[in-house]
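Just so we're aligned, residue 715 is where the sequence shown starts under the working numbering, counting upward by one.
In short, the hints are calculated from the structure, not lab data. There could be a bad hint or two in this list.
Pair ranges (Cβ atoms, derived) [unchecked claim]:
| no. | residue 1 | residue 2 | range |
| --- | --- | --- | --- |
| 1 | Trp1136 | Gly1067 | 26 to 36 angstroms |
| 2 | Trp1136 | Leu1082 | 12 to 22 angstroms |
| 3 | Leu860 | Leu784 | 40 to 50 angstroms |
These numbers come from a predicted model, not from an experiment. Positions of the beta carbon are idealized from the N, C-alpha and C atoms, including for glycine.
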Amino acid sequence: MAADLTRGFTRFAAARLGDTVKPSGPRLPHLPRLDRHQALQIIAVVTALVVLLPLVWLVLRATGAGAEGLAWALRPRTLTILSNSIVLTVTVMAGALAIGLPFAWLTARCQLPWRRFWLIAGLLTMVVPSYLGAVTLLAAFGPRGLLYDLLATVLPLERLPDIRGWFGAWLSITLITWPFIALPARAVLLGSDPALEEAARSLGHGRWQVFRRVTLPLLRPALTGGSLLVALYTLSDFGAVAVMRYNAFTRAIYLQYTSSFDRERAAILALMLILLTLLLLLLERRLGQSRNGARLGAGAPRRLAPLPIGRWRWPALLFFVMIVGLGVALPVAVLGSWLTRRALFNVTPPDMGMLTATTATVSALAALAAGALALPLALLLRRRHSRLSHWLVALTSSGNVLPGIVVALALVFFAARYLPAWYQTVPLLLLGYVTRFLPLAISASRSALEQISPRLEEAARGLGQRPWQVVLRIYVPLARASILAGIALVFLSVMKELPTTLVLSPIGTRTFATHIWSAYSEALLSLIGGPGLLLLGVSALGLIAILLRERQPGAAPGTGVALLRELPRRARHRVGHPCAFALISHDHRPGLPAARQAL
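Build out the structure end to end from the sequences listed, making use of the hints.
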């Protein structure tokens, strides 16, 4: 008994002192323990493999066609599809520049009545999905549309010219992509140094010469980046080209997938679209490297006074009325008329509760999954600035470059061959959403984590916190606003996504996008009004909330100290630890030295 008491007391004392009690049995082999950087890299590798797996399978499927597939890809009809996509991309870029640059200049530098209203109303065109905008444009300006009904009462018209084809696709996509150019250009105009233009004016240059020689070179990076986004969106768009029956890549891929038994041809077209997208990215990178633009510093802490536009006021107001009218008011008016028509003709309304619940559920699940995956990837870039880390995160972001129809098609091919249990299931649909929109969540989380001082993590680690506790108690609270903004962007993007939902959604699963597409395909336009207005309303509220949200100020010292103060009592008693004491005492920023007294 005495021996048993002595052995128990020894074990109790060893446990209190933090020693490890050695077992009396055979010793198990020692397994290597991964540090936090290796764990983050493993998560990044697995995510990159999952994102790239459909793309690799698509390449293998397309190259497996051999010489016959190459001959089919080089036939005149396929080359016509290629030329149509290039023509549409170039013309949409030109149209977006023609609208976005004047919009940015007028809202940033000119004295314009109701300037704030025109800014928000104009940017609301971003919430209109391309397929919904194309459907409303066709209903308004089609051969037998609302404009024909209005003109036929006073003019002997049989029908109006058909806008379907290149013009309809160009107008539909241009009306929703010009903010990609206006937003970065306006940011440059608001943040540029006024002394540059004032010096040019003092040298005798007129307004046009100052704009051409000073302002335009400063805008060139923003215009180039915005044009790239417009081009990528145009190449990946499916809704507008399908509604307007313009034979671009995305429409041809969908037709091959749905109407042909040879799925390899759809894979070949998808691979050609991927190569065209990569060529566009390489071209933009080459232009960006050869560009010699000015690099702006902080400059003077002031802005140029708004310029009076005088006699150009009324043309400017007409410009804004046309943009807001075609991009926002027209879709809302057409959807409202369809909703009224349904009430007049007693058409059975769709099950709005079911549509809302299904759309909100899949969008929320995809947004939460993207946010959960984005945080470790952003932490990897935050903690380990290596070439491997940047390559891994870049590979996980490659899905945003691929068109939605390509991602969906690749996932269908892969699941049907290797994962038949996942074919037409909700997990496969969520995988397609996350592959497409994961970069949105990564960008938001990364921008917030880069503003957090590494001293806060070091101090928390010195106080006994484990890596996962530091993430949950320091990083997540400080970056909460940006993380939620990224999740909201993914949520809104998933709500409007059409091709991925159309191809991957399980049988019987209907969202707002698939319901609108099905009703349009069956010519039941009166059933589009309610879901379309609800989709636009939710997207508009989300966009306004993101625009009006105050920017996260970063890791404010007082906030960091408050989080350190809220650590568990057991950790706060370890403030005498030399590492933690040194980390806190040697940070000379305001607020952090007071942590010694607070802890």
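Hints versus structure:
For the hinted restraint 26 to 36 angstroms between Trp1136 and Gly1067, the CB-CB distance of approximately 28 angstroms keeps it satisfied. Separated by about 20 angstroms at the C-beta atoms, Trp1136 and Leu1082 satisfy the suggested range of 12 to 22 angstroms. A C-beta distance of roughly 47 angstroms is found between Leu860 and Leu784, which places it inside the suggested range of 40 to 50 angstroms.
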